[in-house]
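First to last, the sequence lines map onto chains V and E. The end of the first sequence is residue 708 by my numbering, with every number in the run present. The end of the second sequence is residue 272 by my numbering, with every number in the run present.
Some hints here could point you the wrong way.
[As the list claims (entries may be wrong)] From the structure, some residues in chain V lie toward chain E, with a derived Cβ separation under 7 Å:
1. V436
2. L440
3. A442
4. P570
5. P573
6. S679
Hint data in this document are derived by calculation from the structure and do not stem from the laboratory. Even for Gly, the Cβ is constructed at its ideal location relative to N, Cα and C.
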Amino acid sequence: MCGRPNSDTAEACQFCGARLKPLVAGSGSETPSQDNTPEAPAEPAAEESAIEFIPDEDFPDWLEEEEGDEDAFFDVRRATQTGSLRDPLAWLDDMNANAAPASPPAEEPPPGEDVQHVTGWLASLIGDDDESGEQGAEIGEQEEPPSTVPGLSPEELPAWLSEVGEQKAEIGEQEEAAEPISPEGLIAADTNGLPDMEIPEWLRPSGEDATPTALETGGDGADWLDTLRLDTAEEDGSPASTPEWAPAEEEAVREEADGSVSPFTLDESLEVELGALESDEVPDWLTGVGETSPATFEEPVEEEEPEEEIERANLPAWLQEMKPVEAVSSPQLLPEDEDAPPVSAGPLTGLRGVLPSAIPEALLAKPSTPSAKLRISEEQEAHIGLLRTILEREEQPESAAAPPPVTSQRLLRWLVALALFAAVAWPLLTGSDGNILPQVPPPEVQGAFTQVETLSSRSAVLVAFDYQPAFAGELETTADALLAHIMLSGAKLVAVSTQPEGILLAEHAIQAHARDRDYRAGQHYLNLGYIPGGVTGLSALADHMLLTIPQTPAGYPVGEEPLMEGIATLQDFSLVVVLTDDPDVARAWIEQVQARVPGVPVIMAVSAQAAPLVYPYYSGQISGLVSGLTGGAAYERQTGLKGRAQDYGGAFGAGTLASVLLILFGALAQYAWSAIRGENTRRKGGSK
Amino acid sequence: MKFKAPIATVFAIATGFIVLPGYFIESPALLAVRTALLQWGILLAATAMLVGIGSLLGAHWEKVRTGAKGSPYSALLILAFFGTFLLGIYDYIQGTWGAAEKSWLQWIFNYVQYPVQTSLMALLAVALAYAAIRMLRARPDLPAVIFLGTALVVLAGSAPLMGIRIPVLSDTLYPWITRFLALAGARGILLGIALGTLATGLRVLAGIDRPYGG
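Chain V extracted, bound-state conformation (with noise of 0.2 Å):
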């Protein structure tokens, strides 16, 4: 196989492993010439090993109902009987080397003679050579040939080789020549036993209209063909006339037998048919096949199997294209590996370049995947723009049309604010006090003025400042009599909140008295803070006020401080006063220190927001209510006392009459303008 020279006793090739001898008997270099004529014992088994005959029921049933005549049969058996069925390919392979220079005989029948004695589809095959190259190339791509055909024993032959073996035995008998019986002599007997009707023209030994066959091809190197030839014109009697393309064939069949060629010479059609599978392509002895005789494509009638092409062409083009053919079919895959080390076991022993040797990274890479491209026309690439289009304005937001800078509205609530302030600045300005002193103080005013009556200068009062700095301008004015009628009276004032900047909103109320009167801190009155924990500071500081507040804020104790001297617990003072602006804290005073204190007196001093929500308790839990300018001004006008509740009163009533007046006219104005607007809405909506 690899060429290298090895010794003659040598049976495998040192280098490559490949076997030299072949197995069998009956190779080329026992092959006899035909000057030395081999013994009769040894023929029949070299012709055994190389001719095999296939049994008839090994034949394939397509064959033997397609045709169903003996020419066919014989015709296969023949192919099978040349010896060059060892390999079905090789064959074709030497006919095609042949073919080119072997000129047709000018006896040659046409075509068309032939093709009655061939299947259909190798009819069709030879009316179109291109076709019948692909075709031809295919089926020796799909076919795995045969190595070897089992051959048959004498006693395993059918009964007409029997009859023609007894009849040869006659006629050696008759010639006293021990020559061998040969298959092409077994089937010359044959033919030339049947009535020549049932004999093709072309298997007619002899004659003008003969075609050229393998049979005939077998060589001037083959004794048992001269034999067979000899015999053929002495019983036809005629002479043994050879055609004139006969000895290129015979010199072919010379060359091939002469040859050392082993049974593995089957190799080199694999190896040809492995170079077809890679390249694709149609072997070089596959191009010449439609051109050759009809006979010499008798071989591929063995199978029939051009479905694939067929199946192959049907396919539709979107599945063409995802076919892997690279992956498949890429020369890539297969490579040709002629250094690769000889196959160790298996029917490929001792060939090589076979199987690859390693795995190519083709197999091992990824297959790639098929494009999912999706395939658009042009119609409806414009109408994904269009769409694409449309959902870019809808995202984009509309662009709001900027306001005016000075808008009705704007202007209207400038007016109001403008209003007020001219209103309330013009009694301020004026001095007038806007007669808010009532005629008569209310109940609940009078009920606090007569709790702050009852105190003396031994009594003290718990003052809780428990209001939002914003509505310190309302309570102090609210609680300015009150606050002054206290101090007035010489009671120790103690003050807490249970807000944190009720320290400071105290300071800041009491100071406001404070200047006038000199009231000092720690002397007249005293200021605990903050109590923390909002209602449960407050029943804290009901069960036990020197353990919820213990010391002031600058961190005296507060038990010591000598304003609390005889003061430990509320059940001490005499009056709780809470100023509160929230009716919910008004009310945890109530719920939490007066029901635990009932004997201490509780009045309230709250927002005119917070009295309708306060003044339900007046009934009972408080004691006295003052709420808002108004009802400090009542006080004042009960204690007889000028304060800021006065001052502040024409301001108050020139605001609210301000306020009332806007709010009456404006919104009167407001609604008729909305309903002409409206009136002119429908109108307009009734005119489109």
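Position chain E relative to chain V; hints supplied.
Frame of chain V; chain E shown alone:
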């Protein structure tokens, strides 16, 4: 009844049953326990205020750090907080805490917080007047008319309008509204609040409501 936090539930219910009888039974033991529990509550409330202050500072510090919208105001809040805190500490050290004339903290309140918050409240009067003017334009229906009419009556009757007293409005209508209608409504609200508080207290004592979690 299945509790997720049985310890907290038991403690809450036990606290309620200890504190509540103290309002009806004169017992020094119950009073001592109740006082201790109330003091704990006051400490927790004060601690919660500190936590709230810390959270407020953290939120505004995050806005300053990230440069979010309004971060200058957050920075001003932080500066004001620490400035006020330092002045309060200074007053405490100097012993001027509670002395209005010498306290820096009182100065800040008198001249910063007090005017600012009072002015904001004054702006509320303008905003409410403007809203009342536009009320009928937005909702020209009967409830709006009744609401606006009542407000006008109360405003007009709450004070003498530049020395002018409207006979019916100031002497009859305003007292009737404030003493009967408003009082009836306020009593109803207060009674509802009291009943709701009682029901909530009973549910907490029974463990049905667990505002403390669990």
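- request: Mind listing which of the numbered hints don't hold for this structure, in increasing order?
  value: 3, 4
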